[in-house]
Every structure is written in structure tokens, then in C-alpha cells.
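Novice: With these hints in hand, go ahead and build the complete structure from the sequences.
Number of protein chains: 2
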Amino acid sequence: MSKINLSQVLEQLNWRAAIKVFDATKKISNEDWANIEEALILSPSSYGLQPWKFIVVTDQKIKEKLKPFSWNQSQITDCSHLLICLGKTELNENYVDHFIQASAEKKGLPVEKLQGYRNMIVADVINGERAKIIPEWATRQVYIALGNIMTVAAMVGVDTCPLEGIEPAQYDNVLGVNGSGYETRVACAFGYRSVNDVYSRQPKIRFSSDELLIRK
Amino acid sequence: MSKINLSQVLEQLNWRAAIKVFDATKKISNEDWANIEEALILSPSSYGLQPWKFIVVTDQKIKEKLKPFSWNQSQITDCSHLLICLGKTELNENYVDHFIQASAEKKGLPVEKLQGYRNMIVADVINGERAKIIPEWATRQVYIALGNIMTVAAMVGVDTCPLEGIEPAQYDNVLGVNGSGYETRVACAFGYRSVNDVYSRQPKIRFSSDELLIRK
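Chain order of the listed sequences is V and L.
Per my numbering, the very first residue in the first sequence carries number 1; after that it's consecutive.
Per my numbering, the very first residue in the second sequence carries number 1; after that it's consecutive.
Think of the hints as simulated: they come from the structure by calculation, not from any bench.
None of these values were measured; they are calculated from a predicted model.
Among the clues, some could well be false.
All copies of an identical chain are treated as equivalent in the list; a pair is satisfied when it fits inside any one copy or across any two copies.
Stated by the list, open to error - In silico BS3-like links for lysine-lysine, alpha-carbon gap of 25 Å or less:
no. : residue 1 : residue 2
1   : Lys67     : Lys216
2   : Lys67     : Lys27
3   : Lys20     : Lys61
4   : Lys61     : Lys3
5   : Lys65     : Lys216
6   : Lys20     : Lys67
Specialist: What follows is the structure in C-alpha cells.
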């Protein structure tokens, strides 16, 4: 463990802003991006089920195709890497078994040893209350990943802009994921802010802790 | 800006685990917790609207009351700080105006200067497509905050356990937030792992990047 000072973390969180104007000439290095991908994969999810896929777009032609389905926001084409986060649309026992299989291999255990855990997951997400809201439950997990990766990027001085203003069905078409069992939920642009981005120099707007926090 | 190395960030993310057994004798210091609260308030949200409230429980009696509505998980009572994340159940123009007012004050601008921005937000979240899904949209924002704060805690060596296995309506009762316009969505326990927590010493289970990532 190699802890980071909270003051440094807060400095970086205060530096973070949803970037409106990226510097299109600045690209994230392959090495840095590989690490960001690794951090993304390490995102927490319920039971560790990872009900998501991520598409990373650097091809300018694909970005151009996505832009009209993104309120024409310039971040789509000016960013270095465009991340599209997809959520799983359904869960079945096969998927849980796939996860349990991967777990058994990683832990060096026979799969039978994990049957109790498997059955607990199945009782909740396949046969229980959560089964009724799988697409939305998966979307919530996607947003954990989004929250994680925006914070990771801020820590290391990489800019982001989360993008809810997109047309998911059109994204699915352009990206060719129709019928894959995964659908576009949200996007996030990565890169470096332009010196012309005035918004990121404005103060952050947050309600006071008196308004947002209750201590008991 | 005071950037952190990606390798250090990855080390901390690999150290993170959903802690099953907290050391009930170890408490987060007031100073560290104040900083964690600050980081929580800095969580990104759509338009910066912060459609959330957070309840921080340290009172052992309240934790005991919540435990039976949390699958009796020991983290509820053994953690140092129990965070309950609430999502807004509806949005109206008054709320947007409240946000715009806070923005104008922070930026030192007359509120009229932000009318365009106000009207864009209203067109989307009050009168547009997103208006139809406000409770869920707010929940997604809550999950961004959850993702952010779990990562922040991991950076600084504080343990967490996200808790979806709770009964939100019962939480609302115990916490006295019925009718407040906010409802419990998810909880997260904070503290320090016990030496007896075997799970956090097991390898992390993640599908491969080949399975989770598509590059275009």
C-alpha cells in the first residue's frame, strides 16, 4: 500500500472540471491510457459482476459519426480518447456461472467451493427483487465505473467530460453493438483542456455541507 | 495541480476491496473524515445539480437499528462511519433556480447572465426526456458519487464496503427522511479492515480487457 495524502487528492478533485473545450492537438500517451484502462477494469461493481463493456474510440471518423448524436458537442471530436460505457441488458445463470468460473480459477479453488456464493448471487440478481430492474441495476454499476474513472483521471492530471447528452440508440447503431446484450448508457471524453476553456477556470458550484450532509 | 503517479493510483485501486470484516476498534480521525466529506461534496453530477443528500452515521444505536434492514451485515455496526446516499425523488424549476442562484453568487454574476444555462437545464431535466426518469437519473448521479468516494478512500488508505443489500424504505424510516423529497439509494461503510478479513487478501476477480474492452 502506498497511500496518497488527502490534501493532494482534494487538490486534484478541485482541479477537475467537466471540460467543454479540449485541446485537440494533445493526446494521452499509450502508456497512460493503458493504465487508465486498467483502473477502469478495477472499478467496483455489485458482487464484482462487472455488468458492463467499454468502447474506446480514437478513430476520428467514428467520433465524427457520433458527434451529431451528441448534441454536436465538440468534446466528442476534440478529445483524445472517447469512452463509451455500456450496460448489460439482462442477466442469466450462465453469466453468473461464467463469473464464478473466473473466480474459481483466480482463487485456485474448485468451482464447487463457490456454490454457496453462486447461489446467493442467483437468489438476488436472477430470482430476487433485483432481477426486476437488471438494466437499471447494471446502469448504476456503470455509473460507479464512471465515478471511479473520472476521479482516477483527475488524480493523474487527465481531463474528462462526462456526457449524458447523447442518443444511446444511435450510438449503438454506429458502434455496431445492437443485439449484443449491452447498450450504451453514458460516455466520457478524455484528454487535455484547451487554454481557451474558460469554464474550467470558473469556481466550482457546490451546495454547502449544511445543505447536503446530515450527521447522526 | 499536484499530479499523482498512475502507478501509485493503481496500487491503491488494487489494495481496495469490498471489506466484509471491519476492525471495530479503529476509527477514522475527525480530520480525515472532514476531508472525505469534502471530497464527497466535490463529486461530479449532471449539470452540477447534485440531486442528492448524504447521511453520515457514527451513532452506534442508529447503526444497530439499521443492521436488521441490511441483511444483518456486520459492516453496518463495525465500520467507523456509515454513509447513506439519498437521491432526489423529483426536480422542479425552484430547484434549478436554487442551483442557478448559487452559481451566480459563486461566479459573482447577476442571475440574469445565467438564464440561457438555466433554460437549457430546464428544457432537459424538467420538460425534456430526462424529466420522465428523475428518480433513476438522480440515483445514477448518486452512484457517480459512490464511485468517486470509494476511489478517494482507496487512494488515502481508508477501507470501504458499498452496500446495496439494504432495505431503503426501512432506512428512510429509521433515518427520519420520509417526505423529505430524498430517498435512500445505497450505503457505504468506511473504516479499516480487520486482520481477520480473509476476503481482502484474495485475488481480485476481473474479466480480461479482451472481454470488457473494445477499441475502435
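Novice: Are the hints correct? Go through all of them and say.
Specialist: These are the hints, each one checked on the structure:
With identical chains, the CA atoms of Lys67 and Lys216 are at most 25 Å apart between copies only, with a shortest distance of 15 Å across copies and 46 Å within one. In this assembly of identical chains, Lys67 and Lys27 lie within 25 Å of each other by CA distance solely inside one copy; the values are 19 Å within and 48 Å between copies. Proximity of Lys20 and Lys61 under a CA criterion of 25 Å is satisfied intra-copy only: 21 Å inside one chain copy versus 47 Å between copies. In the homo-oligomer, the alpha carbons of Lys61 and Lys3 never lie at most 25 Å apart, since the shortest distance is 41 Å inside one protomer and 32 Å across protomers.
Taking CA atoms no more than 25 Å apart as the test, Lys65 paired with Lys216 passes between copies only; the shortest distance there is 13 Å, against 50 Å inside one copy. In this homomeric assembly, Lys20 and Lys67 come within 25 Å of each other (Cα to Cα) only inside a single copy, at 14 Å, whereas the closest approach across copies is 44 Å.
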